[in-house]
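Now for the letters of each chain:
Protein chains: 2
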Amino acid sequence: MVTGTEVITARITDINGPWVSEQLAGLGIEVAHIIVVADRPDDLEHALRFLDAEGMDLIITSGGLGPTADDLTAEVVGRFAGREMKLDVEMEAKIAAILRRFAKTRAFKVDEAAVMDANRKQAMVPEGAEALDPVGTAPGLVVPFGDGPGRVVIVLPGPPRELQPMWPVALATDGVKAVLAQTTPLHGLTMRMFGVPESEIAKSLREIEDDDGVDVEAVEVTTCLRRGEIEIDVRWREETEAVAMAVRDGLQRRHRRETFSLDGQTIDDQVAKLLKGHRLGLAESCSGGLMAARITNVPGASDYFAGSAVTYSYEAKEELLGVPKELIEEFGAVSPQVAEAMAKGALERFDADVAVSITGIAGPGGGTQEKPVGYVCFNARLADGTVIARDPVIPGGRSDIRERSGLVAMHLLRILLSGDDADSPA
Amino acid sequence: MVTGTEVITARITDINGPWVSEQLAGLGIEVAHIIVVADRPDDLEHALRFLDAEGMDLIITSGGLGPTADDLTAEVVGRFAGREMKLDVEMEAKIAAILRRFAKTRAFKVDEAAVMDANRKQAMVPEGAEALDPVGTAPGLVVPFGDGPGRVVIVLPGPPRELQPMWPVALATDGVKAVLAQTTPLHGLTMRMFGVPESEIAKSLREIEDDDGVDVEAVEVTTCLRRGEIEIDVRWREETEAVAMAVRDGLQRRHRRETFSLDGQTIDDQVAKLLKGHRLGLAESCSGGLMAARITNVPGASDYFAGSAVTYSYEAKEELLGVPKELIEEFGAVSPQVAEAMAKGALERFDADVAVSITGIAGPGGGTQEKPVGYVCFNARLADGTVIARDPVIPGGRSDIRERSGLVAMHLLRILLSGDDADSPA
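These protein sequence lines map, in sequence, to chains A and B. With the numbering used here applied, the first sequence corresponds to residues 1 to 426, in that order. With the numbering used here applied, the second sequence corresponds to residues 1 to 426, in that order.
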């Protein structure tokens, strides 16, 4: 149960629901409902009663633990569980210490009495509940509810930077341990593929069932198209481990060329590792800096990334990358020839030993019969002359084409640097 | 009610809930709950009964309208509303025509009988419901439920590219019109500010109430920190328009310097407009291409964007932007002096009349006592020598610092190009 009017009105995007859901999956707990409710006590209580009636063993709430009057979650959960609110004196002292520290570092004057009063509210704990130490200023709670043992509400703060560190603390409480004792943990692996349609994976899974005689239904396989790549998640319990391995091997055998990760590593992780000891220069046009942004998103990228020349105009291509104007006039700015000259220019100007160029038509305007919107030329090369050149037509709208261009370039870098599959030296 | 196991397991992010929620806000309809449920018929039906019991006038579902056996929404909604499913022969013919068209363009062999059979399912409509023509292959539904008039379930497909075009069609049905007749539309405006803490806005709203005597509670004001800017949404009904205007004016008067948008325009829109007729060159270091990506995200950016030199190494700064190595050695790569040289280099190398440079320490490593992580130097300048230079310490982690750097640079561009507030020519 995610609380907050700002979530329900779409002012902010909920990331707690999906994050908690992923944690639970790893613990072998199936999520039945995610409910987002506005900050109205009746709505909160009714949602809790609904989840109770649905037979949930575990309810997790996020948000509504602040010091102000519209932060109601703890109180509503207490009422729902039929437990009286009592002041936790020790917790009150902890919160007070945190607030004094904040007040000091912020160097502003605070009406201490008013603050302490408002924050006594945060130290009210339902009787019989376990309180979790604050990460920010709000403590979390683990509150038993319903008949019989092993049913609890975990009450967590809304800000993800507070909720996430509190999660392992909540799992270690007696209340939550009793819930976890009722399930067996799920194991999981994530495979990633590039360049294969989702429907092909469905077909392969049917073949693994029919031709290989593997009981695929005994494990959980989810396939998802994520930013241009296929992500396949296989989850299993101890007793079906052999089935999971057969599914993984069957998929890999059928899509050997397209499978680039068997251990969940992303293409960005892999390229970052492959670039160690190299020096990379980029030459970008239609990707408009997105490839550079992607490379530099990894901490420590400065060890191998020299830079990117983002060149939108002919003049910039000539001035920054030394692409002859005549070449652009003869073949067009979007052409394999200009992509090659850009990549060579990047090698030289950045004094790099590996370079990739991207030049294409992101649209919405600028397409022709011969070179439609989505036509993108890539040239990935090493200083020794090893090269991979591609010029696909990438489907989708402007932002798809821009983003996908960066993704294709990442995969070309991977292939180039891992020594698989490169075209013969030019 | 958002259906789909892939949403509940966080494989995909729900965008339908927030999107529909924003549409409803504009129509004056308050959203009480957003429920995400897995594809289990009992869970779907229980969620519908919960929403019914909560007294909802309008329930909107997304997803579960496909041709396969686990697409159950239409049937479950029919059962929930106590209406028998009947074949809509006209709809069946429409779907058949769409499928034949698909089969033709895809140029693969299709077992037509099997396809038509599977898709008869999609033409089953609860008695008394209004069917909405498919955008993809799945029709939508408007299904009356409960006692008395004016309560409906709108059943929409899951893919946003199908759901969104179907929305206006759903609003035009008799069933939905009867619901809308019970409300009065909300008007709204969005203000944006930069460089003011959220707590200051809360204080100003209290002053507007106490000092200006405006009944702020009569309108709906939501304040939200969105990617480093404050977004203030004011919503009102006809009769409280004067209050809304007083709130807007009161906020603007108190935060004149920080208010950059009164009409919802984003900084990216504004800078794109201001750049018309100019020629922009960028010199980026810690932002790693994100500023270029932001500028080129706007279609038509090639009219004014020449390029960006993303220079991570000393050598790249020297080679691409002509920043003397001695300057870097004397003052450091992150210094106002190097930022100035980078911006001047961008003006020259891109033959631009406006340039911005960004050089800073994004972390996690590289900070010192004097220049901590988050220290970023900016230099925004016109060819005529007008300049704005800043060197703030930006709070947050690596990705915050990178993104915020681009945002600050956008605001410096806005101030520079709109002629407000620039420092005197250097």
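Honestly, the hints are just simulated from the structure, not real lab data. Keep in mind that a hint or two might mislead.
Identical copies look the same in the list; a pair holds intra-copy or inter-copy alike.
[Said to hold, decoys possible] SDA-like mimics (lysine to any residue), calculated; alpha carbons at most 20 Å apart, straight line:
(1) Lys325 x Glu348
(2) Lys325 x Gly82
(3) Lys121 x Glu318
(4) Lys371 x Glu207
(5) Lys273 x Leu58
(6) Lys273 x Pro364
(7) Lys325 x Ser335
(8) Lys203 x Ser335
(9) Lys325 x Ser302
(10) Lys325 x Glu200
(11) Lys371 x Ser302
(12) Lys273 x Arg414
(13) Lys121 x Ile98
(14) Lys203 x Pro144
(15) Lys177 x Arg237
(16) Lys177 x Arg161
(17) Lys203 x Ala218
We went through each hint and held it up to the structure:
no.: 1; hint: Lys325 x Glu348; result: both (18 Å within a copy, 18 Å between copies)
no.: 2; hint: Lys325 x Gly82; result: neither (78 Å within a copy, 71 Å between copies)
no.: 3; hint: Lys121 x Glu318; result: neither (66 Å within a copy, 59 Å between copies)
no.: 4; hint: Lys371 x Glu207; result: neither (39 Å within a copy, 60 Å between copies)
no.: 5; hint: Lys273 x Leu58; result: neither (40 Å within a copy, 52 Å between copies)
no.: 6; hint: Lys273 x Pro364; result: between (36 Å within a copy, 18 Å between copies)
no.: 7; hint: Lys325 x Ser335; result: within (13 Å within a copy, 35 Å between copies)
no.: 8; hint: Lys203 x Ser335; result: neither (36 Å within a copy, 57 Å between copies)
no.: 9; hint: Lys325 x Ser302; result: between (32 Å within a copy, 18 Å between copies)
no.: 10; hint: Lys325 x Glu200; result: neither (44 Å within a copy, 54 Å between copies)
no.: 11; hint: Lys371 x Ser302; result: between (36 Å within a copy, 18 Å between copies)
no.: 12; hint: Lys273 x Arg414; result: within (10 Å within a copy, 39 Å between copies)
no.: 13; hint: Lys121 x Ile98; result: within (15 Å within a copy, 60 Å between copies)
no.: 14; hint: Lys203 x Pro144; result: neither (46 Å within a copy, 39 Å between copies)
no.: 15; hint: Lys177 x Arg237; result: within (19 Å within a copy, 50 Å between copies)
no.: 16; hint: Lys177 x Arg161; result: neither (23 Å within a copy, 43 Å between copies)
no.: 17; hint: Lys203 x Ala218; result: within (18 Å within a copy, 58 Å between copies)
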